[in-house]
Each structure stands twice: as C-alpha cells, then as structure tokens.
Amino acid sequence: GDSVTQMEGPVTLSEEAFLTINCTYTATGYPSLFWYVQYPGEGLQLLLKATKADDKGSNKGFEATYRKETTSFHLEKGSVQVSDSAVYFCALRLSNNNDMRFGAGTRLTVKP
Amino acid sequence: DTGVSQNPRHKITKRGQNVTFRCDPISEHNRLYWYRQTLGQGPEFLTYFQNEAQLEKSRLLSDRFSAERPKGSFSTLEIQRTEQGDSAMYLCASSPSPTRNTEAFFGQGTRLTVV
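Chains as they are written, first to last, in the working numbering: chain E, 1 to 112; chain P, 113 to 227.
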C-alpha cells in the first residue's frame with residue numbers, strides 16, 4: 001500500500017552543519033509530498049510541500065525536491081541552527097485526496 | 113482565526129472509563145481528520161469528515177471509538193471502555209478543500225494516558 005519511509009533518528013549535528021533527512025515513498029498514482037515539523041510541545045506545522053515531479057519545495061532554508069525516478073523527497077538544509085531542533089515528518093497525500101500518510105519521524109538535535 | 117483547537121490538552125483516565133475529546137477546526141474548512149500518534153511514530157489516520165459526513169474510517173478505529181461532527185463544525189472523538197493501549201496523542205487536523213495539493217493544518221493534540 002501507499003507508505004512513506006524516512007531515515008531513522010535521532011540525528012545530532014553541530015550548528016552550521018549540513019542536514020539531510022532521507023524520505024522515500026511508495027504510492028499508486030501521483031501523490032503530493034510534504035514535510036512537517038514538530039517543535040517540542042507544539043503541534044505539527046507544514047514546513048514545505050511539492051505537488052508534482054521535479055517540483056522543489058522550500059521554506060526557512062530547508063529544501064526538498066520531488067524525485068519521481070527515485071521515489072524520494074529528501075529534506076536538506078545547508079546550515080542548521082539550534083532552533084531547528086525538532087522532529088521532522090515526511091508525508092504523502094494519496095491520489096484519492098482522503099488522507100495523509102506519515103513517516104515515523106526523525107528527531108534532529110542541533111548543538112551549539 | 114487561531115488555528116485548530118483541541119481540548120483537553122491532557123487527559124488521564126482509569127482503564128475502563130469513557131473519554132471524549134473535542135476538536136474545533138479552522139473555520140470554513142470542510143475537511144476534518146483524526147489521527148493517533150504513539151511515541152516514536154508518525155501520525156496514523158483514524159477517520160475523516162467532509163462537513164458532517166464521516167466518509168472513511170481506518171481499521172485502527174475499533175468499535176470502542178466513535179467520532180461525530182454533528183453540524184459540520186467542531187468534532188468529538190469518544191473512546192469507550194479505555195484500555196492501556198489507547199494511551200497516545202490524538203491529533204485533529206483540518207483542510208479547506210479536498211484537493212491533493214492541500215496540506216492539513218494540525219492542532220496541538222490531546223495526550224491520553226490510561227492508567
């Protein structure tokens with residue numbers, strides 16, 4: 001069935017390091033892809049999205065490109081900050097529009 | 113508009129008791145979703161509403177669970193005869209239209225602990 005697999009955490013980086021969190025998906029049809037972020041004590045917030053192949057979503061220095069050929073949507077940031085410490089979830093929206101499927105989440109800790 | 117609101121934020125209950133959670137979506141959003149999130153996992157879909165109609169239920173939603181959205185605005189999720197395995201964060205989300213390009217807006221969740 002349709003699903004999302006993302007890189008297991010936790011991930012610990014030093015400030016200004018490069019970040020990659022891998023996400024791959026399995027889906028029938030052409031899903032939309034999303035990255036959500038969950039800061040401590042808060043709800044999930046949309047970070048970025050891409051709705052078709054080769055689209056690049058970007059926000060707050062984060063980027064992810066919808067790669068149909070590798071069924072991937074990896075999250076990247078060139079220079080992380082302590083304030084980026086959070087749990088990141090990759091998700092897809094099914095072609096039937098009804099619900100979203102989430103990965104297990106990757107916890108990122110950025111140390112000063 | 114302050115976003116999706118969920119109440120209560122935390123609930124501790126004894127096994128076997130019934131609990132009810134409330135979700136107020138963003139106004140004008142006709143889609144409302146319930147998810148469950150356990151520790152170390154991503155949200156798992158439970159059910160969703162299009163206005164007042166409940167259109168889909170996950171197999172995760174056992175007979176002890178029931179959800180309503182009587183006037184197409186707020187929604188309630190009730191769990192009867194709670195079990196320890198029901199302990200989780202229950203998330204509500206809403207979205208403005210049923211297009212594949214639309215993200216869901218999440219509330220802060222209700223954390224349920226069954227003791």
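Treat the hints loosely; a few may be bogus.
Listed next, with one range per pair, are the computed distances between beta-carbon atoms [said to hold, decoys possible]:
1. P:ASP175 - E:ASN22: 35 to 43 angstroms
2. E:GLU42 - P:ASN213: 23 to 31 angstroms
3. E:PRO112 - P:GLN153: 39 to 47 angstroms
4. E:GLU69 - P:ILE124: 19 to 27 angstroms
5. P:ASN130 - E:SER58: 42 to 50 angstroms
6. E:GLY29 - P:ASN130: 38 to 46 angstroms
I should point out that these hints are in silico values taken from the structure, not numbers from a laboratory. Model, not experiment: these values are computed from the prediction. For every residue, glycine included, the Cβ atom is placed at its ideal position computed from N, Cα and C.
Exercise. Confirm or reject the claim that GLY29 of chain E and ASN130 of chain P have a C-beta distance inside 38 to 46 angstroms.
Key: At 39 angstroms between Cβs, range holds.
Exercise. May I ask you to test the hint 19 to 27 angstroms on the CB atoms belonging to GLU69 of chain E and ILE124 of chain P?
Key: violated, 49 angstroms
Quiz item: Holds or violated: 42 to 50 angstroms for the Cβ distance of ASN130 of chain P and SER58 of chain E?
Solution: holds, 46 angstroms
Practice problem: Look at the Cβ atoms of PRO112 of chain E and GLN153 of chain P and judge whether their distance stays inside 39 to 47 angstroms. | Solution: violated, 29 angstroms
Quiz item: Is it true that ASP175 of chain P and ASN22 of chain E lie within 35 to 43 angstroms of each other by Cβ?
Solution: Since ASP175 of chain P and ASN22 of chain E have Cβ atoms about 38 angstroms apart, the given range 35 to 43 angstroms holds.
Exercise. Check the following: the C-beta atoms of GLU42 of chain E and ASN213 of chain P are separated by a distance inside 23 to 31 angstroms.
Key: holds, 24 angstroms
Comparing the model with each numbered hint stated earlier shows that hints 3, 4 do not hold.
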